[in-house]
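Top line first, the protein sequences correspond to chains X and F.
FYI, in our numbering the residues of the first sequence are 358 to 441.
FYI, in our numbering the residues of the second sequence are 1188 to 1578.
It is worth saying that the hints were derived from the structure and are not from the lab.
No incorrect hints appear here.
Here are the simulated EDC-like cross-link-like pairs (lysine to aspartate or glutamate), alpha carbons at most 16 angstroms apart as the crow flies:
1. F:K1574 / X:E378
2. F:K1574 / X:D383
3. F:K1574 / X:D384
4. F:K1362 / F:D1323
5. X:K405 / F:D1497
6. X:K405 / F:D1494
Per the computed footprint, the stretches of chain F lying under chain X, defined by three or more beta-carbons under 8 angstroms from a beta-carbon of chain X, are:
7. 1420 to 1430
8. 1493 to 1501
One-sided and incomplete, this derived list gives chain X residues near chain F with beta-carbon spacing under 8 angstroms:
9. E398
10. V400
11. E404
12. K405
Glycine included, each C-beta is placed from N, C-alpha and C at the ideal position.
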Amino acid sequence: MAENTAEKIAGFIRERFPEAEITESDDIFSLGYINSLFAMELVMYLEKTFGITLGNDDLRIDNFRTVKAMTGLVSRYVAPAPVG
Amino acid sequence: MTSTLTEPVAAPPAPDRDSARAFVDEHIVPKAEEYDRLGRIPEELLERVAAEGLWAPFLSPEFGGRGLAMTTLGEIHEEFGRGCSSMRSLLTVHTMLSWALQRWGSREQLERWAPGLAAGRVLGAFCLSEPGAGSDAAGIAASAAAQPGGGWVLNGVKTWITGGLRADLFLVFAKAGPSTVALLVPRDTPGVEATPIDDMLGTRASLVAEVRFTDVRLGPDALLGPGAFASGMVLTGTLDLGRFSVASGSVGIIQACIDLSAAHASRRTIGGRPLRDLQLIQAKLSDMVTDVRAGRLMCAEAGRLKDAGDPATIMATWVAKYFASSAAARHASEAVQIHGALGCSPGHPAARLYRDSKVMEIIEGSNEIQRITIAGEAYRDRLPTNKERAR
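Next up, chain F with everything else stripped away, as it sits in the complex (with noise of 0.2 angstroms):
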């Protein structure tokens, strides 16, 4: 029997890890080596992403998201992250934008962004590093300058800007008088120029810019947010969702790394033996596992956290991120050992996985930062009070 037109049409289920999983292995695994070679994601995937609904699934049904769970969208960016970090990379950045922009976003700015944010017609970037502050907000030197009567002037250089050379819409973060407001701006607008940087360590082809910024006019429904005071929120709340989605991604990476390892360790022979029966290398495995593990959990934990509404969250972020990305860099440089000279050759996973995990470790805010953070947990109830302070 055929349908008739006046049949409901069923929804698509909504992207879950299993269907990510396929997409993954099926479309991005057997050419993550040419996107890194080439240092680009070429459009092709880029639409393949958008008709899977994969850019922003998260988003409400009312502008055509999903409504997906973070604990959802967790194991989707791990599964991007297991393939290729630079893809990754690119859905984390639009991820943000898109997450800011859903919780905000004023009415007008969500019914004018969000469908082609969900649709992956519009894709997001995120601006904050610059070259002479890196990603420490304080240094921000961008300037907007409020006009008369409404509206804004920007001006700045953003640099390591990923995505910077595909994305649509901009979320730039620059300075008004002492705070630091954070503006969109779509690609389009005179003044906005993208500039490649090339032969990046890692992430190689996640189309990494540095975009100018000059005498770009924006009305005033450009500013995303509160100002004063809270505007520092905006960049907590979405570097919290860019952690969040850089930790699934590294978790993506140890488990690569297993992937690419077992293999290797059960083809080749040492003395007629499999290279697996080394406690060395089991002991390499064996760690690998564990953390595999342990980060999942952790990332999992953060999500169902951000699903709750639960402040606890961006703790628990911060912690998930930490050990997933440095474990995913310990991992893959021991993914290259036991791969040998092979996993040091041109085009091998192993050496792939070597230089986007480095990359892990830095972004979103750097380890060594974060720990200062992570570090303040454990002198919570050891700090004198406010009145002792005073005397």
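Chain X on its own, in the form it takes in the complex (with noise of 0.2 angstroms):
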């Protein structure tokens, strides 16, 4: 599930800044693609993809600084499916 949930978040940044060439570790802040607009546009992708609802305590720099953070960020919202 993490796979995927890195895909489509590395998928909606490409989406958003065709420029981007990032790996699952690069930090977007340093390269410059986080603004208060796209911060806005990211959690909003967040809680419509994945179902859930982010809370101001969540809204740490360090939550969305990767995208490997922010699978992190989802996986401790969305249980991972049932094995068998």
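Put the two chains together into one complex, using the hints given.
Written out as structure tokens, the structure is:
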């Protein structure tokens, strides 16, 4: 699930910034892709796509710095599908 | 048969475009010129809007709202914009604060404020603009000093605050170190002072004020939403709702231009023939009819995306606000032209629409700034990659 989540998040960032060549560990803040507009779009995307509601406490920079960090944030809300 | 106490009382129907249109036609259209001349919306109308449940019907039913869809809210604001942009502006700023509270407020903040905002017992206003910075968030000089043990001390001056003379609760944006914070400030807090700003060009009845905050002491519960990097989101989201309302209200202005101009061109004769027979007049009306439909569709699309929680709503709202407000200014000018000297006369609705429409091109982010962001869409896939930039 985590791989799928990461692909979706990276896909959203690339859709918004086609010039972004990023890995899951690249810091999108230091690359200059985050401003208040995109931060808002990113939160809305995560909530809509994964059916979650992020609280104010979730909106810390470390939760949004990389695709990997955002994947981890989503996984705390979305339980993995049962196996078998 | 009479009803008994045991029968359930049906909730009144939720407001929609039709009920808003009937309300505006009965209570606002006949008095809009009077409000404009007096320079204020009377308390009586504010109370009527409250009784009709129109202040913040999108709030959750848990707090007294109706959970109204944004598409319907946009239609209601269009109807108010058709009747009186000053009254619609008061709805706009109340909507901005109420939406921000619903989106970012804690449980305690919601329980304290949302029922009053939904019922119209508490009216909200939005405080961003400053004398030295306009609505440029980067230039905010108002300061919020965090206090040891929690709480804030707010100092600064906000200007051109729609509803500032009447609002009970202000959503104030201020600098707290490197961050911008959003604070809920009750009007009756010591150190809050509102001074009227009279004789504005347009929306003259919208109770505009300068609001001064002098050593205003607030508790920790005044902070709305996240701090640090995410604090800008509160402003972005709040302005987005403001733009949606202004876009919808601008569509209403265009509709009012059509209604006025078509009536006048049908009555007025020139050389024994109705004015409406002139092709140059027909050209003006045809452009109004075309643009009102386009603007209405853009607002509906922005509202649909909001209801779906789709991040594309932010750009859709930008485009709708740019299109509808610039079209409203253009067509209000043509409405005056069609009416001739009559449209330039004191107390004529065309003159009011002309003045009000200009304001729409400026508020909630000027159209020039909006066009920079909109143009970014065109360049999206033509920029060098971060890897290419790094070489």
